[in-house]
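So the chains spell out like this:
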Amino acid sequence: MQIARVCGTVVSNQKEPSLMGVKFLLLQLLDAEGKPMPEYEVAADSVGAGLDEWVLVSRGSAARQTSSSEVRPLDALVVGIIDTVSVENYLLYSKRDQDR
Amino acid sequence: MQIARVCGTVVSNQKEPSLMGVKFLLLQLLDAEGKPMPEYEVAADSVGAGLDEWVLVSRGSAARQTSSSEVRPLDALVVGIIDTVSVENYLLYSKRDQDR
Amino acid sequence: MQIARVCGTVVSNQKEPSLMGVKFLLLQLLDAEGKPMPEYEVAADSVGAGLDEWVLVSRGSAARQTSSSEVRPLDALVVGIIDTVSVENYLLYSKRDQDR
Amino acid sequence: MQIARVCGTVVSNQKEPSLMGVKFLLLQLLDAEGKPMPEYEVAADSVGAGLDEWVLVSRGSAARQTSSSEVRPLDALVVGIIDTVSVENYLLYSKRDQDR
Amino acid sequence: MQIARVCGTVVSNQKEPSLMGVKFLLLQLLDAEGKPMPEYEVAADSVGAGLDEWVLVSRGSAARQTSSSEVRPLDALVVGIIDTVSVENYLLYSKRDQDR
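Chains as they are written, first to last, in my numbering: chain S, 57 to 156; chain A, 57 to 156; chain X, 57 to 156; chain V, 57 to 156; chain F, 57 to 156.
Treat the hints loosely; a few may be bogus.
A pair counts as met if it fits within one copy or between any two copies, since identical chains are not told apart.
To be verified - 27 Å max Cα-Cα, derived DSS-like pairs, lysine-lysine: (1) 151 x 91; (2) 151 x 79; (3) 79 x 91.
It should be emphasised that the hints constitute simulated quantities derived from the structure, not laboratory data.
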């Protein structure tokens, strides 16, 4: 999985019927130091992530390994909202600090 | 998924029999600011996208998760025509503005 | 799919038994302007492509979505010989012109 | 597979139900000379790897080819703790030396 | 598939039970001119490749399309030992010349 920050949304009305009702989040991928990378991903959301939150995104066929996304043409899925990222015993990110 | 602009078409007559009747769109991938990237993708079209429209493209096995593309050697599929892209509460792209 | 030019062949005699009889083409990937990229792919051929022809190559599990390649450890397949590539209503490539 | 060093952990409480109880390791990918690359991966751990250990990470659908990870939206898995890496008959890495 | 040179081995004792007995080769990926690329791959070996030999490596789910690797978390497999690579009718590599 990659670490990403929710930075926006994408709306599409004319789409694959199986994608009706799916919310698409625009994710800015972050590097291992938490800095934004040029890469982004438009991913379906399975956990109710909001703007600015850090999330884990799974890509490829992994994006369809849930009860709700199995038969949909999805290649990216937000699978979790991140609480903490620890690097070399140092706390790089904490959602609690962010929310204050 | 990635955001892409439809920039052309590819025609192939001598091809895998299962691909007969499939329309191939040439897609210019766009970055999270809507600028063209060097990357492109030739994708099957499932939604009737036209030249210059912004679309969502799914890659990998996701491209075969539709009733029409399951048993075809496709690795990219246009899954939706984009109406709006919002980044940090700013409207980066709106199809309505584009169509005027 | 990506656009590629057939630029050679790879021969392997000591290989996975399921790959016996499979012809491996060396493909030079092309960018959206038809210029060679550093990337290449060794792909199985399902359509009888010849040297210098432009082809469409599918990668990943898509390479096994044919009657002949389903149970083989292939991750790239030539799925079509390209007749034309049109970009922004301009004819970038035409096999007919190439063959003259 | 890629060679990586365990450099941290990621904690997520609000996540896909199927990922409950899965430990996420932050992996720094290493190049063939053992030097850190900018790339990282957040992977599930199947072997009990600890901080600073070198591991093998499988990505894509491979990450779900175990009894415990089959129906989970995982795209990366630590599949082994590395004992030695030998390059051109030279011992690049030995866990035993590291542990001393 | 990609062309690679066998440049080493990786040994892991503490690993996924399904990988017991699998030999891991360290592969240096080569470009279309036979020059080493920074990319490498740790792959299972299905053909008995030795140090310095040029091989074809399949990645992704292709690595599990053999009788022996189907239920293992592998994402890379050596599928053939290369005898010759011909580029534009020029013989880039020949195993026979290499072995002399």
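Against the structure, the hints:
Proximity of residue 151 to residue 91 under the C-alpha cut-off of 27 Å is restricted to the intra-copy arrangement: shortest distance 16 Å within a copy versus 31 Å between copies. When the C-alpha separation of residue 151 and residue 79 is checked against a cutoff of 27 Å, the pair qualifies both within a copy, at 22 Å, and between copies, at 18 Å. Taking the shortest Cα distances, residue 79 and residue 91 sit within 27 Å of each other both inside one copy (25 Å) and across copies (23 Å).
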